[in-house]
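Chains as they are written, first to last, in the working numbering: chain R, 23 to 1002; chain G, 1391 to 1588; chain L, 49 to 401.
Think of the hints as simulated: they come from the structure by calculation, not from any bench.
Mixed in with the good hints there might be a few duds.
[Said to hold, decoys possible] One side of the interface only, derived from the structure: several residues of chain R facing chain L at Cβ under 7 Å:
(1) Gly65
(2) Pro356
(3) Met358
(4) Thr361
(5) Asn428
(6) Gly436
(7) Val441
[Stated by the list, open to error] Covered stretches of chain L, as calculated for chain R (at least 3 residues, CB under 8 Å):
(8) 54-65
(9) 75-89
(10) 159-171
In this text the structure is predicted, and so the values were computed from the model without any measurement.
Where a beta carbon is used, it is the ideal one built from N, C-alpha and C, also for glycine.
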Amino acid sequence: MSTQFSFHGGVHPPENKQRSTGLAIQTAPIPAELIVPLSQHIGAPSEVVVAVGDSVLKGQVIAEAVGRISVNVHAPSSGKVIAIEKRPVPHISGMQAPCIVIETDGKDQWGDHQGLDDYTAISKQALIDFIRHHGISGMGGAGFPTDVKLHLGDDHIVNTLVLNAMECEPYITADDMLLREHADNVIKGIEIIAHLLNPHHVMIGIEDNKPQAIRALELAAKNTSLNLDIIVVPTIYPSGGEKQLIKLLTGIEVPSGRIPADVGIVCQNVGTAAAIYEAVYEGMPLISRIVTLTGEALAHPHNMRALIGTPLKTLLDAAGVNKQALYRMVIGGPMMGFTVDDQSIPMIKTTNCIIAATYAEMPPAPPANPCIRCGMCEQVCPAELLPQQLYWFAKGKEFEKAKHHNLFDCIECGACSYVCPSNLPLVQYYRFAKAEIREEESEQRKADHARQRFEARQARLEQEKIEKELRRKQRAEDAAKAQAVKKDKAELHSESEQTVSAEPDLKTLKTAAAVSRTKLKKAQKALQNAEEKGLEGQDKLKVTVTELEAKAQAAQEAYDQALNAPAVSEPVVDIKQLKTNAAVARTKLKQAEKALAKAEESGEGDLADLKAKLVEQKAKTETAQAAYDAAESGGQSPAQDSAKLDELKAEMEAALGKVEKARKALDVAIAGSSPAVEKMKLGVEKLQSKYEACKAEYEKETSQNSSVTIKPLSAEQIAALKVDAEALQAKVAKAQTALDQAVASSSPAADKMKAGVEKLQAKYEEAQACYEQALAPSTESNTSQLDELKAEIETLSTKVEKAKSALVNAQASNSPAAEKMQAGVEKLQSKLDQLTQAFVQAGGVPVELEPIDPKVLKQQVSIMRTKLKKAQTALDEAEDDNQSELKAEVERLTLAHEEAKVKLDEYEKIQLDKAAAEGVDLKQLKVDAAMARAAVTKAERAAEKAREEQTDDLTDIEQQLIVAQQKSEQLNQTLSRFTD
Amino acid sequence: MDYILIAVLALLGLALAFGLLLGFASVRFRVEGNPIVDQIDAILPQTQCGQCGYPGCRPYAEAIANGDAINKCPPGGQSTVEALADLLDVEAIPLDGGVEEEPVKTVAYIREDECIGCTKCIQACPVDAILGAAKQMHTVIVSECTGCDLCVEPCPVDCIDMLPVETTLNTWKWDMPKPGVQLIVTDLRGEVAEEGTA
Amino acid sequence: MALIRTSSPHLHKAVNATDVMRLVVLATLPGLAAMTFFFGWGTLINVIWACLLAVVFEAIVVKMRKRPLGFYLKDYSAVVTALLLGLALPPFLPWWVTMVGVFVAIVIAKHLYGGLGQNPFNPAMVAYALLLISFPVSMTSWTMPFLMVEDGQSWHVMGFVDTFKLIFSGIEPAMIDSYSGATPLDAMRHRGGQTTEEVWANAPVLAQGMGAWHAVSAAYFMGGVFLIYRKVLTIHTPLAILATLGLIAAVFYAIDPYQFADPFFHLTAGATMLGAFFIATDPVTSATSNKGKVVYGIGIGLLIFVIRDWGGYPDAVAFAVLLMNLSAPFIDQYTQPRSYGHAKAKRGMKGGA
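Based on the sequences and whatever the hints tell you, model everything.
The structure is reproduced here in structure tokens:
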């Protein structure tokens, strides 16, 4: 068997192989500690399935495959898992990676393991899975999981199976010795692989420097039925490179960037074949391998069968290392292997050789001369590249050019560096360039990705904006439609002077009101026009105007009413409504009278008609008035849902009462330094939580109802909350006093009490927040924002509490860290205060509608609170000497705070009550006022224009303006009545 | 007189002809979009960090195309400046602010126990790399984070750190070989002369 | 225990740049011996003088560039440059002309471009061309080979001392005249309308002295073969030069034997062999890939013939080599080898010039 093919280049480094073939394969000692890295190959690291402290048996799975390119990891020997941590692994970087460390027990006790009786009996998939579960990965090069390669038959036509027995690197003899001693196993392993891949032809490539191995192989191959050729090739480095081997044996080149399977070839290492044999026939997972120990620093260079995870030190010691002479430790061959500097590094599945070299054997590379472009590298390059060009490009960081010169076809065999007369570290340059290019590419990918995401985000934001706009438009349209639909209804209602329907749609009503107003204005304008020009039909117009005026008013009032109306209540019993109705009727009556008088004066129009109308109107007014009176005397009728709410509220109040009672008891207990304080505290807390649950439910209920804002109810709620807050405040004050006393009397319970005070304080704050929150929705503020803020405050306040209690403890135990903790607490506290303030401010957004005074008040309150807290912190921190002073300060501040608080509350209450009492929605009023002002401005502008253009209808416009001004004035007055 | 007329007419004719030609060319060969902006944008690191003073990488690319300085991108470092100089055929200038070395790549990390779920960082993130909802703890999708820093400032509780990207076995890479012999004086001073090799 | 950590490979072939240079020096020795034998001591003196100067210049420049002196002197590259220049120069060239030449070669053509490995032009040939243009008379007067001396004595070249004196004092021009004469290429160039046959008959250097040139060429050839055998050179460049030159000369000789010299004359006269094996193969300035080297060699062969037959200077190796040096980077771009796994070789250069 000879080969007619060859590949370009190649070198003949001194082989130094016979040194380690003198002895048969020995079994390496079991080390005290096995270090099994989780990632022994390309692909995802396996996932640990044992825990520290677990006992494992030999062959037991200790880490499971994750993803496709991954295999299981097994315990190489029995023992106990003592650590799962980062350890140095065999990698050129010298970095650490997660490993499972097993303390061996020396028994080397096997777990369950069983081979397959007949591997042809099970499906190929099952067989491949079997191999995967036994942790078989390539034992020659990068350690690629073997099962992936065995799957290649699925989507590729595999014609040729190439077995790599070249072992072209100097020094290494692991495969040589394996073939010499276990050629049968290898052939059987090949049969398994062939069974899976079903190739037409199997070739074993072996270099002619291993005559004994060749003989053993030939002998073993006699028994096989495979179409198998053993091809002996001349020794040249790097004939064992996968692509070079394929070229050598078949004359086919694997296209750049493709895998051999793309040309119908699969390449496997003979070591892998042997491992597959062991797994399939004997059920032995890949937990040991043959490794060559060689190098001049070893007294007995030979091959060993060693467990995966054995530290190099154990192996080197077994081979009689001369530590003084050891200069360089290489894992792998001298051409492509890498150096390691730590003897605790374990061997892994791909470790085929360990070279312990002396200085004389592998001296450091002499200093590099400049490249003289001698071209020797090009002559030896097995990939037919231009190594020196690549060198220049790598050095100059001209990576584009390097790529163009096929840098990525470089197999890093080291032949160029080997022959380089200038001793340039060429391979390192290529590795550097490759890494840079890969990084650049990945960065570029990442940048592109980021750009995409950025653009997607921009698009999304844009889209949201557009959608918002659309929604807004949609709403406007809907409103317009609804208005059109409701128009008749509204007219009907107003004409018949009926009370507004039971389900007042606020929006619709509002639009209806607006429409009526507009109509009125138009009619007025028309009327004026007509009057000026002395046109006919003035009377009709006048009537229309009057009618419209009434309608507009009615609509407006209906809207206002609806806005202020309590929940969906029966219209007949709505006193307010009735009252308004009566008022409206009266107004209409007056208007009708006026119209009649006018008509009479001018002696025009249908007097009779008007009179009749007037009479009608009178009757209506009377009816309305009567209804109102009746309703008023009948008293209020309860709202629909209020019963349930009341129930809840009662429950809540009961809970609150309990809480308060318990608290009082607790306070007393604390004051008396009773031993039951702890228990009581727990009880109080329990009660508190119950109360809170109740409250939450209540609030939920209320918020459900609040879709139709119930003013009186929410006011009540607010009041309740306020009461809560105040009660808590009082508690705080009390507790504080108790604490002061305790501190003064140097009671041992002081610390605990302090914590209690703090807790109370926090609760108070919470309640306060609740209250403020409750206030907020009643004025239709942005609840979500408030909620957020509240959450923040709560988180912070709990943190503050924790920190404070920790601090107190620390202080109590005179811990030196107290100082630091104090600072931390202060920081947190200030942040909390800041947030609280922000919250208050946010809560105060709707309050902006009110005059500035309450805002200032609120701010003062929050500022005082902050001061109070600070003072308390100071008190906590203060040593005994100036405590009393601080205490006084705290008390003073507390008082001031409370005062301010009460003032504020009062004020707010007055405001709300005042507004509520008159049945006027402040906000609505404000909006109306603003609208009126806008109308004035518009009218002014129109007047201006008219004046400039000297148009006829100037007076008309001016009149309009005056009307608008009047209206605006009126509204403003009303508004100012409520808001000053 | 005739000569003058002829000359004037001839020039007019020429002007007309060339005007038409130019007009035609500008219509016929019009370039859609601005390819140079795309090219510049492709070089920029897309951190969208805004350190250049523009709201994102693309606006800066547009600004460069309109003549802004090319050295305002700290995340890209000197290499980006050089790439831009190469593309635009202008002088490579040192990075604004004089940061000489390549910037360390970082990713944001949220200390999750401290996160209060305010969503401020989510709104700040230009590449939607932060996951979370209001009042829920947030976290950074490391693979999407560009290390732009923009989320750090808005965080009300300062729970976001910018951590340098750790080198792992997978991302470890070879360095350029150090010169085996000290070639010139500057080498001895440790200023390994990259400009000499470029 | 401090174990070192380095990149693979961990083995190195025991050949370094110094060894390569030393082999080149060794390979020129037969040629030097032949020159000395046929043309007297002048060549040897020139070579030694040039080498001395080269080492001195190199040392000065390396010192000025503040780089380690010993490390750079050890690489023999300056010596090789000087050696090749010395071999190419006429034997009786005055010392200062040689000095100018070496200065140009080492300081200007080599170090000003960045030193070893960075120079785009062959330093020896830059110096030679410069001298040829600056000092045409000195540069074209060769000694007569001793074969031509008619007094019957077999060994009649100028003595060592006389030669030494001649080179270093330059006082006795008459003495030069008695020993100097044209080279065969000169004779061919300045034949004044004679046919080739007439020139051969009339020019004594052709009629009688050609044997000396043949012998010198043979010696260089031997040296070249030695270098190829030792894998210092690849065969591509020399073979391409010689084959091209021989072929084109043969074609023209076949067309018009009266006008053109025979191919054997072209291959053996002047510096053809020296150029083909020692000068054109200078790795720094030649093309990189094997294919490129062939193209480069063909170019040199063509240019040698063209310049010899139609140019203004008698010998053309220096100009041919320099011109091809100029185009070597370009050749490199278009002669990348087809790498393993690629259907086609790549062309040109990506990412800028």
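We went through each hint and held it up to the structure:
1. Gly65: Not OK, violated: Gly65(R) not within 7 Å of chain L, min 23 Å.
2. Pro356: holds (4 Å)
3. Met358: holds (5 Å)
4. Thr361: holds (5 Å)
5. Asn428: OK, holds: Asn428(R) within 7 Å of chain L, min 4 Å.
6. Gly436: holds (3 Å)
7. Val441: holds (5 Å)
8. 54-65: holds (count 11)
9. 75-89: It is violated, with 0 qualifying residues against the three required.
10. 159-171: Check passed, 4 qualifying residues.
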